[in-house]
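Visitor: The residues making up each chain are set out below.
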Amino acid sequence: DVKVTQSSRYLVKRTGEKVFLECVQDMDHENMFWYRQDPGLGLRLIYFSYDVKMKEKGDIPEGYSVSREKKERFSLILESASTNQTSMYLCASGRTNYGYTFGSGTRLTVV
Amino acid sequence: RKEVEQDPGPFNVPEGATVAFNCTYSNSASQSFFWYRQDCRKEPKLLMSVYSSGNEDGRFTAQLNRASQYISLLIRDSKLSDSATYLCVVNVLANTGGFKTIFGAGTRLFVKA
Chain G
1 DVKVTQSSRY
11 LVKRTGEKVF
21 LECVQDMDHE
31 NMFWYRQDPG
41 LGLRLIYFSY
51 DVKMKEKGDI
61 PEGYSVSREK
71 KERFSLILES
81 ASTNQTSMYL
91 CASGRTNYGY
101 TFGSGTRLTV
111 V
Chain F
1001 RKEVEQDPGP
1011 FNVPEGATVA
1021 FNCTYSNSAS
1031 QSFFWYRQDC
1041 RKEPKLLMSV
1051 YSSGNEDGRF
1061 TAQLNRASQY
1071 ISLLIRDSKL
1081 SDSATYLCVV
1091 NVLANTGGFK
1101 TIFGAGTRLF
1111 VKA
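Here the protein sequences come in this chain order: G and F.
Take 1 as the starting number for the first sequence in this note's numbering and just add one per residue.
Take 1001 as the starting number for the second sequence in this note's numbering and just add one per residue.
Derived from the structure by calculation, the hints contain no laboratory data.
Watch out, some of these pointers could steer you wrong.
[What the hints assert, rightly or not] Counterexamples of contact, computed for chain F against chain G with all Cβ distances above 10 Å: (1) T1018; (2) E1043; (3) Y1070; (4) S1072; (5) L1087; (6) G1098; (7) A1113.
[Said to hold, decoys possible] Lysine-lysine pairs mimicking DSBU-like chemistry, simulated, CA-CA at most 30 Å apart: (8) K70/G / K1045/F; (9) K71/G / K1042/F; (10) K55/G / K18/G; (11) K1079/F / K53/G; (12) K1079/F / K13/G; (13) K1042/F / K18/G; (14) K70/G / K3/G.
Being a predicted model, the structure only gives us computed values, none of them experimental.
Every residue, glycine too, gets a C-beta built ideally from N, C-alpha and C.
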């Protein structure tokens, strides 16, 4: 089975801190994604990557950046965390046309 | 207009009922289509892919109508364990290559005894 591992299940950070969310997949997938999920808003795409060092903005990239230096790892960075970035963050990976596997999510609270 | 729209729900049905979910997408260049299931406080999980010819997996049948840009999911003989949120998902070709995966907001299903 494909495994997508997110580094933390729960995280509490202070406003203004730089936050790193890590995601690692073990199936050599080319595509990786970061979403956030909020009640009533569903899953919203932040950034995605279809190859090493490639990245594309999703629908809500403001306040975030990403890094993909190795194929198996896709990092989401909050440059200066704000309270409106409190959310559930979900990473996914997969091959195009075959569906994706999600990590179990990181619930981030910014205080 | 949202790129992927679903019935808002929630759907409340008795065990054994047949329930249908609908989804429309706006980008005619959409390439591939899926249904995911998400249980409360869990990550989404792939339920099935959707093909133009229609496909079936046990009690679940998915249909795609490219001309109408419409996707459906039919669940027959509903079980209590089918209670979840069902997400319609579309892959759209991105500007610089690769595919962007867009999720619908989901339809909540409650199956009652």
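Visitor: With reference to the structure, classify each hint as holding or not holding.
Guide: How the hints compare with the structure:
{"no.": "1", "hint": "T1018", "verdict": "holds (25 Å)"}
{"no.": "2", "hint": "E1043", "verdict": "violated (4 Å)"}
{"no.": "3", "hint": "Y1070", "verdict": "holds (19 Å)"}
{"no.": "4", "hint": "S1072", "verdict": "holds (17 Å)"}
{"no.": "5", "hint": "L1087", "verdict": "violated (7 Å)"}
{"no.": "6", "hint": "G1098", "verdict": "violated (3 Å)"}
{"no.": "7", "hint": "A1113", "verdict": "holds (27 Å)"}
{"no.": "8", "hint": "K70/G / K1045/F", "verdict": "holds (25 Å)"}
{"no.": "9", "hint": "K71/G / K1042/F", "verdict": "holds (25 Å)"}
{"no.": "10", "hint": "K55/G / K18/G", "verdict": "holds (20 Å)"}
{"no.": "11", "hint": "K1079/F / K53/G", "verdict": "violated (45 Å)"}
{"no.": "12", "hint": "K1079/F / K13/G", "verdict": "violated (41 Å)"}
{"no.": "13", "hint": "K1042/F / K18/G", "verdict": "holds (26 Å)"}
{"no.": "14", "hint": "K70/G / K3/G", "verdict": "holds (16 Å)"}
The structure fails to meet hints 2, 5, 6, 11, 12 from the earlier list, while all remaining hints are met.
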